[in-house]
Each structure stands twice: as structure tokens, then as C-alpha cells.
Amino acid sequence: MHIFSGIRLDAPRRRRRKLCVLCCWRILPMAESGETDSASKGEPGRKRQPSPPQQRLRRWLLCLQCAKCGGLCPAARVNPHFSPRSIVLSLLDNSWTSLLNADSPIWACCVCMSCDEFCPQDVKPHEVVAWLRNEAFRNQKAPQKISHLVASVRSSGASVALSRALLRRRQNLGLPQFSPAKPPPELFSGNES
Amino acid sequence: MSEFLLYTGCLIPARFPQAESSARFILESLKTDVADAEGLSCCPDPVMFRSASEDDWLTIAAANLAKAATQGNKLLTLCSGCYETFVDARSRLEDADVRAQVNRRLAKAGLHYNGGMEVVHFARFLEQNIDAIKERIKGEVLLRAALFYGCHILKPFRLMKPDSLRFPRFLHPVAEVCGVELVEWDGSRCCGMGSFEADVSRALSESVVRAAKEAGAEAVIVVCPFCFAGLEGVGQLPVLFLQQVVAAAMGAPKDVVGLALHRVKTEIEVRDHVSA
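If you're matching them up, the sequences are chains A and B in order.
Per my numbering: the first sequence = residues 1 to 193.
Per my numbering: the second sequence = residues 194 to 469.
So here's chain B without its partners, still in its complex pose:
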């Protein structure tokens, strides 16, 4: 049993592997007791799949939690969608009736969920380990950026417990410790990717990028692959994952940070503490 269980989800390993390689680099540098979650499927996602059937969504999420519970103590997710699914499902399954009902369905597949299994978003993991990160920072990232929280790391408030819904700041120290200058803006907006109407998604992503530009940001830092896809799709500002920034500051090689895979090209300039 390892302390943490890394669950990459679908979108990150398939479309944005640079977020995964950066995260793995950080976990390795921090010498975290972590193993890969084995035998888990898609979380399933809290927007599309839940729109099809909430019962199936909850059952498959419970199946994943049940499988994870045999392998580790805390499930570490890289994506806010997976985080939302597991945290929400876990809270629904605390109700004994709901859990009994779901377990009846799980029994058909030979599974049983007993409750429990802590779920941690990778960004919150960074926040919790900020002192260890500080010690291992090799250089200062020269960047003026807007930190975008998105929706599913903040809401529902009673489960995610952010410091604020409207103007969250709990991840600010993680970016600032790497030397990033963060602009003041409304980082709790919605990127719009959850909508089935492409016009709605596009308009909302554009409004987020416009706001970031107006605040004077050179790039947007995100914590969720859906936000990444939406904001990069606008094509006006480079978008970075928070773990890429942290990995770069910790001295990760260029091919681990993986900026070559970005559609809106950018470089992370790191000024070494030694030479500065």
C-alpha cells in the first residue's frame, strides 16, 4: 500500500502528456511515496457522462474508488474533472442507503465499496507540499501570468473547501514560490468547456482570455486539462499547467516540461538562483 495513488484520468495522458510528465517529475523530486493506480477506468467525467446517466456515473466512480482503496491511501488526480467526480461520488456514497444501492450493482462485477478513500487534486498536493518545493527550487520563473482556478476545484464549496469561491488564492503561493508574478483578476470564471454548445464554450473561453490579457498577463496558468483545451483553443495567449511551471522552476529538463507540444508556442524562462 503506497501513501498516494496517481490517477492520471483520460484527457491528460492522451492529449496533454506534458502535464503528466511534469507531475511525475515533481513527485519524484519530492520523493513522494506514490504508485500508479492499476485497473481503473475513466472516472467517468462529471459533465458528459453524468449527463447520460447519473446512476451509472456514480456506480462506475464507486467501482474505481473500490479498486483504488485496495492499492493506496490517497487518490491523487491530475484533472479537476476526475477530482470532482471522486469527491462528489465519495460524499454521496457516505449515505448508507445510496451506498447499499450502489454496492448491489457493484456486486454483479464482484466489487464492494466500503466508503473512505481520500482524494487529492495535484494542485492541492503542491499547495500542501509548498515547503518541500521551496527547498528544491533551482531558479526563478520569469513570467507574468494569470492563475486560472476553473470551476471544479472550487465547487461544491462544502466538499472542496477553497478559501474563497469568488476570489480564491489558495494556489497563489505555489506559483509565487516559483517566481511567477501573478496578476489580479477573477480566476474563478468558467472556461465553458462543459457546455454541449460549441458557441457557448468558445464565447466563455474567449472572455476568460480577454480578461487575462486586460489584466496584463503574458500567459494563463491552469490546473485542469479541460480549461487548458478551452483556453488554448482561443489561440491568443499561451496556456501552461501549474505543474509545468513548478517542474521548470525545480530544474526539469525541457523535454519533461514538454512545451514543444503546445499549440500556442511559449518558452518558460528560468533564471538560476546561482547566477542571479
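Chain A on its own, in the form it takes in the complex:
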């Protein structure tokens, strides 16, 4: 499969017509491995070769590295190590596995979704960040904060810890008792521990 889009200005003049995004980033073998979304999920316990979901990867690979996302990104403005453009680039050059750790720049994203809005290729860089975060969590390489939150939602149905002092405030305001229901445990995929 070839996806023609964009023109790389650093390419020789005679080749400056249409360039295949897949070929020019040399990731064709991965993009055409034939794996589907459902096949890449696999069993939770089984060791598997991680691979981006193919359907979305096709869209992510359309990235032109125009850096519009980085220019709009509030997190990039205050953290120079974070750039949505370079996170998408890590998919293009297949180096994304190095981002799966708790100190990685992927955790700086504020999920404001400006990048998704203004991407001219509809790559949705935040979607890439979200997928990388999911992958890090699955491999137990995410910050502790996340597993605490998931545990809290699982055990109490609320994402914040409920203390007696906080609940007493509600009584003072004449509010009804706050009692969130626990989500059915069957709905968690069971990777939280």
C-alpha cells in the first residue's frame, strides 16, 4: 500500500512530486504486516509483540511533521522535552518502544486536544499519546498515580478519595449523601495490578 501525500522539501528536486509517506519514512514492513486491530489485542496474560493498531496507524503515518501540533501545545510551551510532533515521529521511525516508561515525555501531555483539532492531516497526535500511555500501563511502566486511580474507581466507584471530613462539608451545605456505585468488576480488563 502506498499513501501519497505531502512533499518533502529536502528531497532532490526531481523527486519533489508525490512521495509515499510510508516509503519515505521506511516503515513499510511494519505497516503492511497484515495484523488487524483485533488480532493485535491478544490474550491479556500472553507475551505478545507489541504493535500499533493497524487501522489507526495508517492514519498516524500520514503525519507530515509540519509541527503545527507542537506550536499549539500548552505542555510543549512549558516543557521543552515534550513535543507531540516528535512523539508521532517515534511511530514513523519505529522507535516508540523507548517512550514506554514512567519518565517518558508522553506523561507531560495535558489532554487539551488542541493538536487533534488543528492537525491538517487528521493524525490526532493526542490519540497517539493516549495509545502509548495505554501501552505503557499495560506493560506496568506507567506512573503509580494511574494505578492508584484505577484502583480507586474499581473499589469505590469514585476517582477521588472520599474522606469523612469532605463528606461532612456536604451535610453542612444540605446536600444529599454522595454514594457513587462501583462499576461492575467484569468491565475491567484485569491489568491493573
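These are calculated hints, taken from the structure and not from any lab test.
Please note that the accuracy of each hint is not assured.
Here chain A is said to cover these stretches of chain B; the calculated rule only asks that three of the stretch's residues, wherever they fall, bring their Cβ under 8 Å from a Cβ of chain A [to be verified]: (1) 200 to 209; (2) 346 to 358.
With a cut-off of at most 35 Å between alpha-carbon atoms, the simulated DSBU-like pairs for lysine-lysine come out as follows [stated by the list, open to error]: (3) A/K182 with B/K224; (4) A/K141 with A/K182; (5) A/K182 with B/K260; (6) B/K354 with A/K145; (7) A/K141 with B/K301; (8) B/K406 with A/K145; (9) B/K301 with A/K182; (10) B/K224 with B/K354; (11) B/K327 with A/K68; (12) B/K260 with A/K145; (13) A/K145 with B/K458; (14) B/K267 with A/K182; (15) B/K224 with B/K327; (16) B/K458 with B/K224; (17) A/K145 with B/K267; (18) A/K141 with B/K260.
By construction, the Cβ of each residue, glycine as well, lies at the ideal position given by its N, Cα and C atoms.
Using the hints, position chain B against chain A.
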């Protein structure tokens, strides 16, 4: 079946009950046909929980939508996070394949989501009911403030349909009808609370507060508890929920508006129309 179903979320009832009491006061004053959503869990939040597992996030959101659909017509959320989750999940679940996949997981818990269930943010509810609010306004709020929209009531644009992404104004009339003087500034910034890096959150919240001060605001009005937590954490300007301002203008008693619970102390001065 009531018309509206009030879903308070987690952060508001647990940390900022003043936003809930003000909202309930407004709903009561407007005689809205509203009931509390029963048996719903955390939405779950579109930042932290979605970072753990997007599949679980979508499934639990669908479970909540399925439960809500049996109780009312429109889900009224007080928090932009819940709004984002439900609106985004609802739009993803419009795809028949995705819905079938999620329903397979929901079936294990004896639930089924058929699609539908309109979701309304409380701020947008105020915007829609501005005429009714106008009739019930008892006084003018004397305040020069900056109205902060935050991210998740604006984006994704195709679902939230604000009037503008960069310079939104759709909530301006709600504050102005209460007598608030709004300053001109960029209210579509990001408060930074979605980041896992505390430095990033802090720096962005500070830059928002700095911009509000430079625009000449005495307070920041927000529509989301995460923005509230971030901006109040800076500790330089008082932060108010939009519903607190509206409730105060509608003559809510002080303990309903709940300004005593704020860390950055402030008073809402209301000048009665009668005496003015």
C-alpha cells in the same frame, strides 16, 4: 422518566460541593424536571483513566450511559471531564462495530447500551435557559472577572460545537446577565491539570492566572472543577464556578453559594435591583 438527570461526577461532590449546591439551587429555582442519576459510577475521567486503558474507559462510560438511559432523557453534567467522556464515548459508540464490541463486554454485567442519551454540560444548560434566568435574577453581581472556558467544553470541535475554539463567547451572556463585567482575554487556554507532570500543571495554571490579572480581572470564573483546582492552587486570584455567580445573582443564601469553602477567600457582592 425525568427530562434531566443530574450527574455530579466525583470531584465536585467530594471536593467542591459548593458547585453542586449552587447548581441544585438554580435547578430548583428554574423548576427544572430533574432527578439524580442513580447507580452510576465515576464517568471515568477522560485524562487519567483513559491513559490507563481506552477500552475500559469506553466500556465503563457505556455502562453509565446505559444505566442513565433507563432513568431520563438528558444527562446533565457539572464537570467538563464527565462531559468530555460521555460526549466522546457516545460518538464512538455510534459506530455499530464498536457498539457491538462494547456490548459484548457489557453483557457480562447484564447491561446493554442501545445508543442515544443526550449529554448536556451545566454551563450549556444555563446558556440554553438564559431567558428564564433573566426573569429570576434578583440583583446585580458587582464583579470584574475573566471567564475561563478550559479545554473539554470546547474540544473536540465537531462534538462540542462551540461558537469559536480560540475566542469562545457562548457563555459570556450567562455571566453578563448576572451583571458581571467580563474582561477581554484568551479564555480558551489550558489549565494544565491534565498533565502528569506537576511542573507542567503548575506553570500553565500560573500563566492563566497571570493573563487574567493582566486583563484586569478580580476573579476567574470557571466551568470545570479541574480548572478550579488548578487555578485556585496558584493562590493569587479568587476562582468561582459559573453556577455560583448565577446562584448568587438569583438570590441564593450565602451557605448555598458556599464561598466559605474557597481557599482564596472572596465575597460576591450583589446589588439588589430594588435598591439600585
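Please verify the coverage claim for the stretch 200 to 209 of chain B: does it have three or more residues whose C-beta sits within 8 Å of some C-beta in chain A? Contact hint for the stretch 200 to 209 of chain B vs chain A: holds, 6 residues under 8 Å.
When you check the alpha-carbon spacing of A/K141 and A/K182, does it fall within 35 Å? It holds: about 26 Å lies between the C-alpha atoms, which stays within 35 Å.
For the pair supplied as a hint, B/K260 and A/K145, confirm whether the alpha-carbon distance does not exceed 35 Å. Roughly 28 Å separates the two Cα atoms, so the pair holds.
Sort out whether B/K260 lies within 35 Å of A/K182, counting only the CA atoms. holds, 13 Å
Mind checking, does the stretch 346 to 358 of chain B have 3 or more residues with a CB under 8 Å from chain A? Holds, because 4 residues of the stretch 346 to 358 of chain B bring their Cβ atoms closer than 8 Å to Cβ atoms of chain A.
Does the structure keep B/K224 and B/K327 at a Cα separation of 35 Å or less? The given pair, whose Cα atoms are some 14 Å apart, holds under the 35 Å limit.
When you check the alpha-carbon spacing of A/K141 and B/K260, does it fall within 35 Å? Holds, because 34 Å separates the two Cα atoms, which is no more than 35 Å.
Hint check: A/K182 vs B/K224, CA-CA at most 35 Å. Holds or violated? Holds - the C-alpha atoms of B/K224 and A/K182 are around 31 Å apart, at most 35 Å.
Quick one, are B/K406 and A/K145 close enough, alpha carbons at most 35 Å? holds, 32 Å
Does the structure keep B/K224 and B/K354 at a Cα separation of 35 Å or less? This hinted pair holds, its Cα atoms lying about 27 Å apart.
A/K141 and B/K301 were given as a pair; does the straight-line alpha-carbon distance stay at or below 35 Å? holds, 29 Å
Checking one constraint from the list: CA of B/K354 to CA of A/K145, max 35 Å. Satisfied? holds, 32 Å
Comparing the model with each earlier hint shows a violation of hint 11 alone; every other hint is respected.
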